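Engineer: The residues making up each chain are set out below.
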Amino acid sequence: MANKKHWQSFGERGNSKAFQDANKNEFPEDLLPFEEVDGGFLSAPTPRRDFLKYLGFSTAAAALAASCETPVRKVIPFANKPEDIVPGVANYYATTYVEDGDAISVLAKVRDGRPIKLEGNELSAVTNGGTSARLQASVIELYNTARLRFPTIDGKEVTFDAIDKSISQAISGPGVILTTPVTSPTTLEVINKFIAKYPGSRHVTYNSVSYSGMLEANEASSSYGKKAIPSYHFDKAKIIVGLAADFLGSWVAPVQFSKQYAAGRKINEKDIKMSKHYQFEGILSPTGASADERFQTRPSELGLVAAALLSAVNGGSVSGIQDAKLKAGIQKVAKDLLDNKGASLVVSGSQDKNVQIVVNAINEALGSNGTTIDWSILNNTRQGTDSEFTQLLSDMKAGSVATLVVYNANPAYSWQKSDDFVSALKKVRTTISLNEKADETTQLCKYVVPSNHFLESWGDAEPRTGHYSFIQPTINPLFKTRQWQDSLLKWAGEPSDYETFLKTYWMTKLGGGETMWLKTIQSGVINPPAAAPAAAAFNSAAVAPALTAVSSKKKAGKYELVLYQKIAIGEGQGASNPFLQEMPDPISRATWDNYVMMSPAMALELLDIDIYREGRADEYEVHPEKPVVKVTAGNVSIELPILVIPGTHPNTVGIAVGYGRTGKIGKAADGYGKNAYPLAQLLNGATVFEQYDIKIEKTGKKSKVAQIQVHDRYDSVIGGKRTEVLKVLNLPEFQEDPKEILRDREEELKPYGGIENFEKQGTIYPYYDKPGIHWGMSVDMNACNGCGACVVACNIENNVPIVGKDEVARFHDMHWLRIDRYYTGDVDNPNVVFQPMLCQHCDNAPCENVCPVNATNHSTEGLNQMAYNRCIGTRYCANNCPYKVRRFNWADYTGADSFPNNQDQTTVGKLDATVHDRNEDLSRMVLNPDVTVRSRGVMEKCSFCVQRLQDGKLKAKKESRPLKSGENNEWDVKTACQQACASDCIVFGNANDKNSAISKVRRENPLRLFHSLEQLHTMPNVNYFAKVRNTDVKEPETPTA
Amino acid sequence: MSLFKYESELREPLVKGSKSYHQITEDLVAPIEVKPGKLWYIGFFIALCLLLFGVISVYTEVVYGIGQWNLNKTVGWGWDITNFVWWVGIGHAGTLISAILLLFRQGWRTGVNRAAEAMTIFAVMCAGQFPIFHMGRVWDGFFVMPYPNTRGPLWPNFDSPLLWDVFAISTYFTVSVLFWYTGLLPDFATVRDRAKTKLRKLLYGIASFGWTGSTKHWQRHEALSLVLAGLATPLVLSVHTIVSFDFATSVIPGWHTTIFPPYFVAGAVFSGFAMVNSLLLIVRKMMNLQQYITIGHIEAMNKVIVLTGSIVGVAYLSELFIAWYSGNRYEAYAFFYSRADLFSPLGWSYWGMIAFNVLSPQIFWFRKMRRNLFVTFFMSIIVNIGMWFERFVIIVTSIYRDYVPSAWTVYYHPTIWEMGFYIGTFGLFFTCFFLFSKYFPVIAIAEIKSIAKTSGDNHKWAVAPVEAKEPEVFAHEYAH
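Protein sequence lines correspond, in order, to chains X and P.
For the first sequence, the residue numbers in UniProt numbering are 1 to 1041.
For the second sequence, the residue numbers in UniProt numbering are 1 to 480.
It is worth saying that the hints were derived from the structure and are not from the lab.
All values derive from a computational prediction rather than experimental measurement.
Check the hints yourself; a few may be wrong.
Claimed, not checked - Chain X stretches covered by chain P per the calculated footprint, using a threshold of three residues with CB under 8 angstroms from any CB of chain P:
#1 402 to 413
#2 820 to 832
#3 881 to 887
#4 904 to 915
Stated by the list, open to error - Which residues of chain X face chain P? A few of them, derived with a C-beta cut under 7 angstroms, are:
#5 Asn849
#6 Cys851
#7 Pro852
#8 Gly937
We put the CB at the ideal spot given by N, CA and C, even for glycine.
Go ahead and model the full structure; you've got the sequences and the hints to work with.
Structural biologist: Structure follows, in structure tokens:
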């Protein structure tokens, strides 16, 4: 039975050959009879029966070939996957951000082979994980489309072999290596090797903005016998006096100083005290904005102020100061300084050697030498002196320099008489540039051997004596570039490359073999053992002549000029970086340009701009077109629009350097602002960024300045004094009545049950518990100095688009996080407050209930979320946001839109070239793959870095433990802004966790805690700590209309 | 003189010229049956040009993004929503005239209701363009529709006043169209019956739904009209109430105001009547309908204008009072500085609003002014400009300076495409209106016949010679 076979045909029964063949080939007909048409395909007769097949095939082929245009995308899998790289998981490598000698230890986040973000290296004892805006943005430069891509001779591409050969022949006799400060011990060795090969050569260090005055003051014949800058301890100083020193923005080492400064500004509510900071300056700097008391001085007066202060500190009288306010100020400062001997610090940004000697004498009198000033650890980042460079310049003119090798220095742009340098350069036979980009000096050089970006390089740095920081590459060089040390080694005839050189050097120095070397590279830093600050011997003999020199008042005209560096642009390095150009200046809140900073009094006198009365101020503030003035110093003049900056000395104007670059260094630099370096002057061998007699003329022209914030005043005269957005107090008031803010809040919320019951009674809706994680952020306004590192960190972490100057001028900026700057009090010398403003992640968010499509909604963890896919772009949420933190994609900034070719608008909203540049394949390499690039027409805003939160939660989950946010300083999650902040203003974490850092700071600081616009019952998850100003000077009461 | 004792001394006749029913039909169908005049062609061409400009403006905005307008991070709504509210407001008069006046048995409405209803429908069509095209991603606009879908499902947020708008306006539009069309049925039948060309017969035949004029048809027609009037009446109040919720439910000082619903409705009626006035004055001139749309009609509407204008005036004063009385400094700033201060950046718009909406309509307390066509026409334009200012004041002066001073801005003035969109809706409106005036009876023929006093007038004319005689003469003649 089981073997019974049911046959279907006789053929099957007999299993004949014919049956087997037929069975094998069940469908004998060919699908397409192509084999019949060998040869003449076109002439082949199409069988009638196959017509439909041909038709179908050809239609499909045509459709595939024509209509389905599939772009070629290369996906290259790892044939052999490296053990430590998991696709989609970021690796962090310790390296060092180096810019013009300034070196900050960082961790580079490398995602799928691409470095996309930099974080501070917390192991560094210098910066402790602090970052700056320029550091955050520097990763963009790696992918800058303007980077040089190959070596050239006279602009023609050549191979490295060819250029090495011709350079080796061309270098003859003594050469000069002109660089920005080099702190790397191995690089100095390399330079020495080069010098050894070509005897008579030398190394010249150039700083666009030099510290000659200070270096020379500290030098042998003057104060301390060291041509160096010591390290400072702002954290140990109870009284800090800045004499035109912008130490939180641009002076010497702002990141380190911010960290130290913030330590003294943080308030412990159990024992209320903080450092006191006085600032004397002509224009309002970010440092001056943070000061407790600020005095306006003309630049020419600074020496007198220093001398008067020295006299007062020595118990003498204050003489030579006309202004009564200033005089009283100096006496007050002197008294405070004397009361805090050994715990005070006076610093000056003056380029006048004599002023610096007087300042040294003040510090000496106060016992700062060896307490707040440490001479055992020197600051190596600013070594260039102007005399060195002027010597080089005259040598070049004399024709005694045969070869000039330039790295990073750019005197053709930044020397005050750049024409001198350009003509002198023509007398140098062999000019070699090792710069990464075709900057002004490189354009003049015959040989260009582009160097790597620091993220592609090996190296080391010694920013402070004994503090080493290492550089390791995080990506293969993107272009045909070579590290400049390699080039020098090659030309010096050394056999080894720089990597080997570095490794050998350090393995010898460190001992411990390969393991020790790898360990050092992994941590990225070597910190010296902690030691007490050491003093240096002070030469008091130099003081008397210096005093005589400064006391003779400088000849000054009616108006004076200060050239300053913006936090973002610096000496001009930031100019090619769109993120830095678009970062608003903390004081002027302007982007993309430089301008003339002018006091309200001068604006009223010269241009009839009245910002004293609110009604008239409107006229000035609401139009981006500002009047242009012509500033003339000697025979150099410059035409720039003005911005009225309260706090500027009435006879002084300020102009930022670093602008007026060409598009050759990047689209972002092209044509923005004007070069102000020619306005600097050489006085006593030092470049002084001041002019004491200038002319200011009206031109009748107007020019656009793109400001992110146009209304400056917080204490509006009309409409009553606002107090709910932010809160500021004076320290004596706070010490006397610590509960003032609490009481104000209680009063405000009294109709709704007071602070305690406000959440439940302030609404008609039912109350819901918030179990599990509840994210919260705390911002300490007392520590914030407005530096903007958080803003740039946020932009890069979250792929925030660059919109360009024209769009910023139309108030289309896209920043998720902004630092609002307000003036209060006296318009002529106001107090300044910085308030970082971001999405407050309100638990009762006004934006959420108005969205018709639920595109923005609340998570169970307290996040106010955006679902970009859902958003239809009604902008109702942005209108209804009391904090105005929502940002709309007005145009296709990112190229993410489904409409092709819609970035070429001509009539309205023309996009700047830099916006298009951001959409190049190269520029887009920096995008964070964890964050969606938003398309046109959708709303976006701060997400509390939700991608990081998910990552952190996952990490905790994998380890089966609760999430840690600051418990014992262990962090699973940190937002980008929090991580970037050098002043540690921002604390973030799970507010439902009693042990988290956020719960702790909220618990420990109930007296200063407030929520912005709390009375609206938005229930924000962001809280602020009120700003406390350490002054007994009361602000004048705001008059009410 | 003695003739007038048969007429009300207070109320003048609603139709002048003692028309017979036939005459009325002849007069009112004539525009459909003859070629339109040169003026019509010129007007229609201009309207089409404006419409084309609007289409180009909207195309540009859709392709390049909302950045083609000068809105910004602080002022998220500007001309777009201002124009939306303005057009919706205008779209109030038609239904009010038709529905509410029908319920109140106001006979005078028959002369103007058809055109007013058409205006309503076209105005709502224009209004609808703005919320649609103000969306950043208009192609995803259907996300607001609550229907079961495969997108999650994506369900709209019923808390959002914008969603209420969607329902309010679409409902209003639907009911208005139905109401209008119901009234049109007998008139289409009239045109059909008189048609001399096949095409006209066919098209009007289809449009009239087989109306025969039987008593049953009339009875159903009347019943349906009343039902729709009953439905439309609350809608007149609800539409602008809900539009006002867009602002009233927000947290923005100047928007967050409980007075908005009645204030918006009054304002809407105000602007609607003004617009009806502007249009009718043109139509009656262009189509020789002076005897159907009489000075009496114009005067009646001017009375409504002065009433509603005064209501909004009271509303403006109440807002100022509350801004002061509440002690809310943000609201005080919005009202006393951003608006009422003439020298603040946008103060001109507030005072423009006050001058045009509150002060100028007071001229209509004078009968002479109410009955002056030139003044009426001028005022109808002024009122509509004033009402545009009102919406602009509410929307822009509230948000450009609200809570956080760092976000304040006034850099808001329209771009060419923003203006083009607005101009384009005028194109759409007038294109529709010109087509309407050519192909539809602009006055409800059937309804106006109900108020034409043909029999009474015949009697009046017959009795006139008798009246003229002395009683003795009359008695003498009568006896013989």
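Engineer: The structure should be examined with respect to each hint, and the outcome stated for every one.
Structural biologist: Now for the hints, and whether the structure bears them out:
no.	hint	result
1	402 to 413	violated (count 0)
2	820 to 832	holds (count 3)
3	881 to 887	holds (count 5)
4	904 to 915	holds (count 4)
5	Asn849	holds (4 angstroms)
6	Cys851	holds (6 angstroms)
7	Pro852	holds (4 angstroms)
8	Gly937	holds (3 angstroms)
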